[in-house]
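Enquirer: Just so you know, the protein sequences line up as chains A and B, in that order. So in the numbering used here, spot 151 of the first sequence is number 151, and the numbers just go up one at a time. Start counting at 1 in the second sequence, then tack on 1000, and there's your number in the numbering used here.
By construction, these hints were calculated from the structure, which means they are not laboratory data. Check the hints yourself; a few may be wrong.
To give an idea of the interface, some chain A residues facing chain B are shown, with a C-beta separation under 8 angstroms as derived from the structure [to be verified]:
id	residue
1	Glu-32
2	Glu-33
3	Glu-35
4	Leu-36
5	Asn-40
6	Glu-43
7	Phe-44
8	Gln-47
9	Gly-73
10	Val-89
11	Gly-170
12	Val-174
Derived Cβ-Cβ restraints for the label pairs, each shown as a range [unchecked claim]:
id	chain 1	residue 1	chain 2	residue 2	range
13	A	Ser-212	B	Ile-1012	49 to 55 angstroms
14	A	Ser-212	B	Ala-1125	55 to 61 angstroms
15	B	Ile-1051	A	Lys-302	52 to 58 angstroms
16	A	Ser-212	B	Met-1160	56 to 62 angstroms
17	A	Asp-312	B	Thr-1090	35 to 41 angstroms
18	A	Gln-82	B	Leu-1123	50 to 56 angstroms
19	B	Ile-1017	A	Gly-160	30 to 36 angstroms
20	A	Lys-302	B	Thr-1225	18 to 24 angstroms
21	B	Ala-1246	A	Phe-322	50 to 56 angstroms
Think of the CB as a built atom: it goes at the ideal place given N, C-alpha and C, for glycine as much as any other residue.
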Amino acid sequence: MATDYAPSMQQAGVGSLHEKKGDVGMDFKLTEEQELIRANMREFARQYVDPIAVEIDENSRYPAEVMAKLAEGDWMGMPYPQEYGGAGVDYVTYACVIEELSRSCAATGFTLSCHTGLASGPIYYFGTETQKQKYLAPLCKGQHIGAFALTEPGAGTDVGAGSTTAVLDGDEYVLNGTKTFTSNGPVADTFVIFAVTDKAAGTKGMSAFIVSKDTPGLKVGEHFMKMGIRASQTSEIILHDCRVPKENLLGKEGQGFRIAMQTLDNGRIGVAAQAVGIAQAALDESISYSKQRIQFGKPISKNQAIQWMLADMATDIAAARFLTYYAAYLKDQGQPYSKEASMAKLFAAEMASRHTSKAVQIHGGYGYVKGQKVERLMRDAKITEIYEGTSEAQRMVIAGSILR
Amino acid sequence: MLNIVTCFKWVIDEAYIKVGASRELDLEWADYKLSDYDRNAIEEAMRIADIEGGTVTAVTVGSSDATKGIKDALSRGPEKAIFINDPAFTDLEPSQTASLLAEVIASRLQYDLIICGEGSSDLYAQQVGPRLAELLDIPCIAFVSKLDIKERQVIAERKMEDGIEVVTAPLPALVTVLPDINSPRIPGLKDTLGAAKKSVISIGKEELTGMAKPHLETTAIEAATMERHCIKFNPDAEGIKQFVDALLKEGVMG
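Work out the full structure, taking the sequences as your base and the hints as a guide.
Expert: This is the structure:
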């Protein structure tokens, strides 16, 4: 893809200033497949997402028609093996796709990354073969939508403070409690739900369960009207004597905290990519607007004040993108990536918030009006600093890692 | 069962061309893409193959920069590709491209129907299709906006300035298609991954009898410019008179 937003060095060797130095041991080039996949998602987003992005934000509407198209194009189980209906692509490709989709609509990008990373991820990494066939395959094929229910009213960043319980009764676990801010909650068919099975054991007493939406005792509670990513559906999940078959325990009893943390590490690559997409869209809009907005007889892009804002935006976006792809690359290489995913998420989220605000500033009064993309981008960016681990939680992870 | 051949060109994406201070084109950072109307050609080949049965082969002429283009084309459905590939095969003029395509298609492929885009996104010379048909000595139908096959006849609607012309031709035939003919698919994830596994036959310069000399010489390429003025007129009788005078002077009205 073009080098204004992809770390491609494919043109190296063209012209005397870009003499190729041979194999330099560090490759920033996407493969041809990755470039084509990115371009196809860009075209997909332009064709199917751009035309509805304003409306689904305004009405807080779930874009079911886009999700169906994503399923048709095999985009719903990107990183998982083909035997489960996935496409088996690497995480760098996954990050490129989430970024491009989020560039058109962050809510749609997040609906997909929540489905893929948060809901399908734990089933793939911790599920039994039977669980994968039964639950992962329909998720990968896009026949089912997934959600991840971890947060509770009293347990946000402090995951271990969860009070939802699961008690084994015969061949079933009985779940009781309330989950909140469950993304995809109102539209999900399959939930990964966390509950305490042994209160005395602290975080080692938490377990994860796969729960179908039609399980008696599971109810979708209040739908939240959000400031941004309004087309992403968020609700409470109320569990009242919800009886889940014993075989739906994910991993072993007591592994829940570990499953949640690993899933969030993984999910952070998706949120970082989403933030990069949002910021890129803010830059796209700002370049185009500043070139055509005439004040004092010339386009405002001729003013150094605007140029510096644009230059800072482009620089931070490039830095965030490299961090994101690097975390994805480490995961693809089977190396530890938790610290890098946190760094990518932290940096990308904060720079997206900062620069979408600058983009509104560049647009002036027009940027503050509903229907202008930058207005939506500014609202959408904020959540990336909050969910799947706040910026403060990311700093805890990073500090913990470097102070070891 | 039809043997369908579709030709495509891997071109510079015009969205990334920058214009320099003295109107020269800066192509250094330009990305490439599958020429727009060639996407319609490939889509139409797949649509006809779905209805009539048969195989689709995609063919291109270019240098090894075009390998991504081959994957792009194959991700849109064709079973295999032929890559007429040599470092010398860049910036060819249409007569040269047509002669290379004709030699390869005539000597290595069975064909009933050849579909090309009406013109390429870069030069839009609209020459390769008709020249290829001429060299293969088969009928050529250009400006096609609707295509059907019936009893080994092509039935094509040609979109002309003053209406639609419906023509038929016996197979084998060549058609060049307009973008109105279909909406090209956006390849899904597995389509792109699957493309790398399809068969690509690469044919180098040494396997061909030679390339005709160019008839044209490119002396320079410069960006077109549009002269624009901003003149303000008052909304009164005098202003309107000045407005009309200005239009007459600029030759907009006369």
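Enquirer: Now, for every hint given, state plainly whether the structure supports it.
Expert: Hint check:
For Glu-32(A), the suggested interface contact is upheld, since its CB lies about 4 angstroms from the closest CB of chain B, less than 8 angstroms. Residue-level restraint check for Glu-33(A) holds (minimum Cβ-Cβ distance to chain B is 6 angstroms; threshold 8 angstroms). Because the beta carbon of Glu-35(A) sits about 7 angstroms from the nearest beta carbon in chain B, less than 8 angstroms, this interface hint is met. For Leu-36(A), the interface hint holds, since its Cβ comes within 8 angstroms of a Cβ in chain B; the closest pair sits about 5 angstroms apart.
Interface restraint check for Asn-40(A): the shortest CB-CB distance to chain B comes to about 5 angstroms, inside 8 angstroms, so the restraint holds. A cut of 8 angstroms between beta carbons decides the hint on Glu-43(A): the least distance to chain B is about 5 angstroms, and the hint holds. Below 8 angstroms, beta-carbon pairs count as interface contacts, and Phe-44(A) has one with chain B at about 5 angstroms; its hint therefore holds. For Gln-47(A), the interface hint holds, the least distance from its beta-carbon to any beta-carbon of chain B being 7 angstroms, beneath 8 angstroms.
Because the closest C-beta pair between Gly-73(A) and chain B is about 3 angstroms apart, less than 8 angstroms, the hint holds. Of the supplied interface hints, the one on Val-89(A) holds, with its beta-carbon coming within about 7 angstroms of a beta-carbon of chain B, less than 8 angstroms. Taking 8 angstroms as the C-beta cut-off, the interface hint given for Gly-170(A) is violated, the closest approach to chain B being about 43 angstroms. Because the beta carbon of Val-174(A) sits about 40 angstroms from the nearest beta carbon in chain B, more than 8 angstroms, this interface hint is broken.
Between Ser-212(A) and Ile-1012(B) the Cβ separation comes to about 51 angstroms, which falls inside the hinted range of 49 to 55 angstroms. Checked against the hint of 55 to 61 angstroms, the C-beta distance between Ser-212(A) and Ala-1125(B) comes to roughly 60 angstroms, which is consistent with it. The hinted range of 52 to 58 angstroms is satisfied by Ile-1051(B) and Lys-302(A), whose Cβ atoms lie roughly 56 angstroms apart. At about 59 angstroms, the beta-carbon gap between Ser-212(A) and Met-1160(B) stays in the expected band of 56 to 62 angstroms.
At about 39 angstroms, the CB distance of Asp-312(A) to Thr-1090(B) agrees with the hint of 35 to 41 angstroms. For the pair Gln-82(A) and Leu-1123(B), the beta carbons lie near 41 angstroms from each other, so the given range of 50 to 56 angstroms is not met. Distance hint for Ile-1017(B) and Gly-160(A): a CB-CB separation of about 56 angstroms, inconsistent with the stated range 30 to 36 angstroms. Separated by about 19 angstroms at the C-beta atoms, Lys-302(A) and Thr-1225(B) satisfy the suggested range of 18 to 24 angstroms.
As the Cβ distance of Ala-1246(B) to Phe-322(A) is approximately 54 angstroms, the hint placing it in 50 to 56 angstroms holds.
The structure is inconsistent with the numbered hints 11, 12, 18 and 19, although it conforms to all the rest.
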